[in-house]
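Residue numbering for the sequence shown follows this note's numbering, beginning at 1 and increasing consecutively.
Quick caveat, the hints were computed from the structure, so don't treat them as lab data. Hints are not guaranteed to be accurate.
[Said to hold, decoys possible] Computed Cβ-Cβ distance ranges for the label pairs, DEER-style:
1. Lys102 <-> Ala56: 24 to 32 Å
2. Ala45 <-> Cys99: 14 to 22 Å
3. Cys42 <-> Ser84: 14 to 22 Å
4. Ser84 <-> Gly43: 12 to 20 Å
5. Cys42 <-> Leu113: 27 to 35 Å
6. Leu101 <-> Thr52: 27 to 35 Å
7. Val103 <-> Pro41: 29 to 37 Å
[Said to hold, decoys possible] Straight line, CA to CA, 16 Å or less: simulated EDC-like cross-link-like pairs of lysine to aspartate or glutamate:
8. Lys54 <-> Asp76
9. Lys97 <-> Asp76
10. Lys102 <-> Glu73
11. Lys54 <-> Asp80
Just so it is clear, CB atoms sit at the ideal spot from N, CA and C, and this is done for glycine as well.
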Amino acid sequence: MIRTLLVSAALTFGGMGAVHAAEPIVGNWKTASGATAEIAPCGGAFCVTLKTGKHAGKRIGNLAGTGDSYSGEITDPESDKTYSGSGSVDGNSLKMKGCVLKVLCKSQTWTRL
Numbered sequence: 001m002i003r004t005l006l007v008s009a010a011l012t013f014g015g016m017g018a019v020h021a022a023e024p025i026v027g028n029w030k031t032a033s034g035a036t037a038e039i040a041p042c043g044g045a046f047c048v049t050l051k052t053g054k055h056a057g058k059r060i061g062n063l064a065g066t067g068d069s070y071s072g073e074i075t076d077p078e079s080d081k082t083y084s085g086s087g088s089v090d091g092n093s094l095k096m097k098g099c100v101l102k103v104l105c106k107s108q109t110w111t112r113l
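Generate the whole structure from the sequences, applying the supplied hints.
And the structure:
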């Protein structure tokens, strides 16, 4: 019986690790401005919502993708303008990029909390 419990626990926790590894963008991130942004599953994509700072509660993005590469739309909360955006995860860093007409782009790196 103990062996069965150990095997069951190992399968359960092993499955959790696989889910986390499949979607590394999910979680809380410190933005370049110092605010905390939460990225969570939302429909078939991932919603980016500010949790702290001047614009707390505002959704600032929708990204789709898997692994370490995501794309969608990002909104600058100061100007309320929306841009085509992308994100790439590398360990505890998330490089966010927003572009106008795919020519004028601005990037910033967020850190996992």
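So, going through the hints one by one against the coordinates:
no., hint, verdict
1, Lys102 <-> Ala56: 24 to 32 Å, "holds, 30 Å"
2, Ala45 <-> Cys99: 14 to 22 Å, "holds, 18 Å"
3, Cys42 <-> Ser84: 14 to 22 Å, "holds, 18 Å"
4, Ser84 <-> Gly43: 12 to 20 Å, "holds, 19 Å"
5, Cys42 <-> Leu113: 27 to 35 Å, "violated, 19 Å"
6, Leu101 <-> Thr52: 27 to 35 Å, "holds, 31 Å"
7, Val103 <-> Pro41: 29 to 37 Å, "holds, 31 Å"
8, Lys54 <-> Asp76, "holds, 12 Å"
9, Lys97 <-> Asp76, "holds, 11 Å"
10, Lys102 <-> Glu73, "holds, 12 Å"
11, Lys54 <-> Asp80, "holds, 13 Å"
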